[in-house]
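Chemist: Take a look at the letters that make up each chain.
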Amino acid sequence: MNKKLIITLVILALVIVGVLFYSNQPAPETKKEEVSVSNPDTITKVNMGTIDSLDPHYQYDERSQEIYVNIYENLISFKQGDMTKFEPMLATKVPSDQNGLIQDKGTSYVFPIREDVKFHEGGTLTPEDIRYSFLRSLIHDREGGPLWMLYDPLFGVGGLADITKELVGVEDPKTLTAEQSREVYNYLARTIEVDGQNVIFHLPKPYPPFLSIICHDNGLTAIMDKEWAIEQGGWDGSPETIAKYHDPTKEVDPFYDKTNGTGPFKLENWVKGESITLKKNDDYWRAPAKVENVVIKMIDEWSTRKLMLQRGDADIVYVDNQYLDQARDLDNVKIISGLPRPYTGVGLMNWDIVSEGNPDVHSGKLDGKGIPADFFSDLHVRKGFVYAMNYQAFVAEVMKGEGQQSRGPIPEGFLGFDEDSDLYSMDLDKATEEFKQAFDGELWDKGFEITILYNSGNDMRKAAVDMLKSSIEGINDKFKVHVRGVQWATYLDKLIAGKFTLGFIGWGADFADSHNFAVPFMRSDGTYGAFKGENYAKFAKDQEVDELITRAAELTDPVEREKIYQELQQLCYDYATDIYLYQPAAHLVMRDWVSGWEYDPIIHDGVNFYYLDK
Amino acid sequence: MLSYITRRLLMLPIILLGVSLLIFSMIMMLSPYERLSTYIKDPAQLKGIDDVDKLVVKYGLNDPWYKQYGRWIGSVVKGDFGWSESGGAPVTQAIKDRFPATAELALFALFPVILGGIFLGIFAAVHHNDKWDHISRILAVVWWSIPTFVFGLIILMIFYGTLGWFPPGRLDNWAMAVVQSADFVNYTDFYVLDGILNLDFAVVFNAIRHLIAPVTTLAILWWAFIMRITRSSMLETLRKDYIRTARAKGLNDNVVVYKHAVRNGLIPVVTVAGQMVLGLMGGLVITESIFNIRGLGHFMAQAAQQLDYPAVLGGAMYFGVLLIVINLCVDLSYALIDPRIRLE
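These protein sequence lines map, in sequence, to chains A and B.
For what it's worth, full-length UniProt numbering labels the leading residue of the first sequence as 1, then goes sequentially.
For what it's worth, full-length UniProt numbering labels the leading residue of the second sequence as 1, then goes sequentially.
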C-alpha cells in the first residue's frame with residue numbers, strides 16, 4: 001500500500017512538473033523591474049457583460065459597439081480624440097457649406113466615395129454598397145433598435161412603421177404586400193441617390209446632427225458589401241421584400257455572427273459569452289493596425305480581471321468605480337480617469353402615477369398614509385425633493401469624485417451646457433419651505449408615505465434613494481419614505497406601466513449632439529418623458545417644450561441652437577422637472593506598456609484598437 | 001434489473017413534463033413587461049422602443065399561458081428549445097457549447113475528490129480518537145466551513161496572482177488559437193482529450209495547467225464532506241461483529257479494513273457521490289465564475305437572473321435527465337457494491 005502511495009505521489013509530482021515546464025508559457029516575473037511585455041502582438045482586453053450581436057445595424061449596446069467599431073466603417077468619423085471635428089472615412093470629404101457638399105439650404109449632403117477600398121472578404125467598395133447598406137438598415141429597423149436616429153433626419157418620423165402606416169395604411173411592416181412594399185421602398189429610396197462616385201442624401205429639412213448620426217461609432221450606418229450580404233441571406237435588394245427582412249430576430253439575422261467590413265480588424269472567432277478574437281486586416285486602406293490580434297474576454301468576476309491585469313495577461317480591463325482604488329495599487333498599471341462621459345443620471349419623477357394595484361403609492365391619497373397620483377405634478381413637491389438631495393455627498397462619496405453634478409439633461413461637452421448655469425444644492429430650509437407650500441399646505445399638515453424603488457444590484461441608485469429618504473424624513477415626522485430594491489424585471493415593469501413614483505435612471509449619448517439628450521428627457525413623447533404621464537405632457541405643451549426641441553434640431557446656426565438648449569436646461573431648473581443628479585467621468589485602466597489610446601466619449605470605455613500598440 | 005432500468009427511464013418524459021409545467025407556471029406569474037426584461041436587459045435598450053407593447057406582441061408575451069406553453073412544447077417536440085438571449089444561441093446549442101467545459105472539470109475533479117475523500121475518511125476512522133483523527137476532523141470542519149468563493153479566490157491569488165502557475169480560463173491565448181485553428185480537430189471539445197487525439201501535448205499540458213486550480217478548490221472543499229461521511233460510516237462498520245471475527249481470526253489489519261469493511265462502509269458515500277456528480281455536471285456557478293470557465297453553472301445562473309425562460313426551461317430538462325440517469329447509476333452501483341441488494 002505504502003509503495004503504491006509513493007509511486008502515485010511521484011507520478012503526480014512528475015505530471016505537475018511537466019505541466020509547469022512544458023506548457024510553453026513561462027510564468028511572467030512579478031517584480032516590477034523585470035516585467036517584459038507579454039504577447040507583444042496581441043492586445044487582450046477583459047470586459048464585463050456580453051456582446052449582443054455583430055450585426056452593426058442591429059446592435060445597440062456598448063459591448064457590441066466596441067466590436068463593430070473595429071470591424072466596420074462609416075462614411076465619416078470623428079477626428080481622433082476630438083468629438084467636435086469630423087474627418088473622412090469611406091467618403092473622401094466631409095460635407096460642409098464651405099466645400100459646397102452641403103447643398104439646397106442644408107438639405108442635401110454629398111459624399112464622394114473612396115475608391116480601392118476592399119472588404120475583408122475581398123469585395124471592392126462602391127457607392128452602391130453605401131446605398132444598399134443605408135436601405136438595408138432602414139428596412140431592418142428592429143423594434144428596440146437604433147434606427148429611430150436615422151428615421152428622424154431622413155423622414156421626420158420614428159421608424160418604418162410610421163411610414164407604412166402613413167403611406168399604405170399598414171401598421172406592421174411585416175404584413176406589407178409586394179405592391180405596398182414597392183411603394184414604401186420608393187419612398188425610402190428617394191432619400192439616397194447614387195451619382196457616379198458620389199452618394200447624395202436628401203433630407204426633408206435641415207438637420208444639423210445628421211453628420212453626428214452617420215458618423216463612425218454609430219453602427220446603424222455601417223457599410224456592408226452588397227453582393228456578400230445578399231449571398232449570406234441578407235436583404236436581397238428587391239423593393240418588394242420589405243416584409244421578409246424587416247425586424248428580424250437574432251435567430252434569423254445572417255449577420256448576427258458573421259462580419260465583413262472594411263475596418264482595420266476582421267473577425268477571427270467569437271465564442272459567445274467567453275471571448276472574441278479579431279485579426280489585423282493586412283489589406284486595410286489606411287496603414288494596417290499596429291498589433292496583429294485583439295482578444296476581448298468577458299469575465300464578470302473583478303478579482304479574476306484584476307489578477308489578469310496584475311500578471312500582464314490582460315492589457316486593458318474593465319474596472320467599476322468602486323474598485324478603482326484597488327487598481328491604483330497595482331504596479332505597471334496606468335489609470336486614465338476624469339474623462340467627461342456624455343451621460344446623464346437622473347431621478348425621474350412620475351407626474352401621473354398609475355395608482356391602481358400599486359402598493360408604492362400606499363393609500364393613493366393625500367391623507368398622510370400615501371401619495372396621490374399627481375403628487376409630482378405639484379411644483380413645490382418636486383422642488384422639495386430636488387432641494388433634499390445631497391449632490392455634493394453623492395459625487396464625493398458614492399461616485400468617489402469620478403464625475404460631477406448634472407446641470408440638466410444636457411451633459412458637459414454638448415451645446416447648451418453652461419458651467420455657470422443655475423444649480424441646485426442640498427438646502428433643507430428651502431426644501432421645508434417648498435413642502436409647506438405643496439398642495440396648499442395640506443401636504444405639510446397631513447404628511448405622506450411613498451415607496452421609492454431601485455433596481456437591486458445598482459448600489460449607486462440605492463445610495464441616491466437612501467440619501468433622499470434620510471433628508472426628507474428629517475424634514476417632517478409625517479413624511480415617510482420607504483426604499484425597496486427590486487429585480488431589473490420588476491423595475492422595468494414599473495417604468496413601462498407608469499407605476500414608478502420616482503426612479504433613478506440614466507441616458508448615454510448615441511451621437512454627439514444635445515438633441516440626443518433633450519428628446520428622451522424632455523419631449524413629452526421622449527423615451528423617459530413618455531413615462532411621466534399626461535400631466536407632464538400638458539406641462540410640455542404649455543411650455544412649448546416639444547416645439548423648442550424640434551426648432552433646435554432644425555437650426556443650422558450653432559449660436560441660435562445653443563440659446564434654445566440653454567433655455568431648455570433653464571426650464572428643467574425652474575420647474576424642477578426631475579432630479580438631475582450626475583454626469584459620471586469615464587476611465588480606462590491598462591498596463592503601462594499600452595500606447596496610442598485616445599478618448600472617444602461615444603464609446604467611452606470601449607476601445608478603437610486601430611491606434612493601439614504595446 | 002432490466003425491467004427496473006426500463007421503468008425508471010420511462011418515468012423520464014413524465015417527470016420532465018411536470019418540471020417544465022411547474023417552471024412555466026412560475027414564470028407566468030410575472031407580468032408580460034417583467035418577462036420582457038429578457039430582451040431589454042438595461043435602461044439603455046429602452047431608447048429605440050417607441051411602443052413597448054409591440055415588443056410584447058412580437059415575443060407573444062401576452063398570450064394565454066397555455067398558448068405560450070403549447071408553442072414551447074410544440075417546438076421542443078421538433079427538437080427546438082427556443083433561443084437563449086443570455087447564451088446568444090439556440091438553447092440546445094448554448095448547452096452543448098458549455099457542456100464540455102463543465103464535464104471536463106467534473107471528470108478531472110471527480111476522481112481526486114471521491115478517492116481522496118474516501119481515503120481520508122478511512123484514515124480517520126482507522127485512527128479513531130487518536131491525534132490523526134482529531135487533526136483530520138478539525139481540518140474537515142474548517143474546510144467545509146470556508147465558502148467556495150473565498151477558497152477559490154485564495155487559490156487563484158496564490159497559484160496565479162503570486163506564483164503565476166495556474167491561470168484562469170480553459171487555455172492560454174496561444175493554445176486557444178491552436179485549438180481554434182483549422183489544423184486542430186475538435187473531436188470532443190474536451191481540450192485535454194482533443195490535445196491527445198491531435199498529438200499536441202503542449203495543448204494537453206496547457207489545459208491541465210488551467211484545470212489544476214479549480215480542481216484543487218473543489219477537491220479540498222469536497223474532501224471534507226466525503227471524509228466525514230466515510231468516517232462515520234466506516235466507524236459504524238468497524239464495530240460490527242463480522243469485523244471483530246475477522247480480526248479474531250488474525251487477519252491482517254489492511255485486509256480487514258480495505259477488503260471487508262470498506263465495501264459496506266461505502267454505501268452512504270455512493271449516495272453522496274451521486275449527488276456530487278450531479279452538482280459537478282450541472283455546473284458550479286462560483287467556481288466557474290472565479291476561474292473563468294464558460295460552463296453550465298455560470299450560464300444557468302445568468303439565464304435565471306435575466307429571466308431567460310427558454311434557457312431556464314432547457315436547463316431544467318437537462319438537469320432532469322441528468323438527475324434520473326445519475327440516480328439510476330447510483331442505484332445500480334448499490335447492487336454492485338453489496339450483492340445483498342436486489343433491484344426489483
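To be clear, the hints were calculated from the coordinates, so they are not data collected in a lab.
Worth double-checking, as some hints may not be accurate.
[Said to hold, decoys possible] What the simulated footprint calls covered on chain B by chain A, stretch by stretch (three residues with Cβ under 8 angstroms from a Cβ of chain A suffice, anywhere in the stretch; the number is not a length):
id	region
1	53 to 60
2	74 to 88
3	159 to 172
Where is the CB? At the ideal position from N, CA and C, for every residue including glycine.
Chemist: Are the hints correct? Go through all of them and say.
Modeler: Status of each hint after checking the structure:
1. 53 to 60: With 3 residues close enough to chain A, the hint holds.
2. 74 to 88: Coverage by chain A holds for the region 74 to 88 of chain B (4 residues, Cβ < 8 angstroms).
3. 159 to 172: Holds: 10 residues of the region 159 to 172 of chain B have a Cβ under 8 angstroms from chain A.
Hint check: no violations occur; every hint is consistent with the structure.
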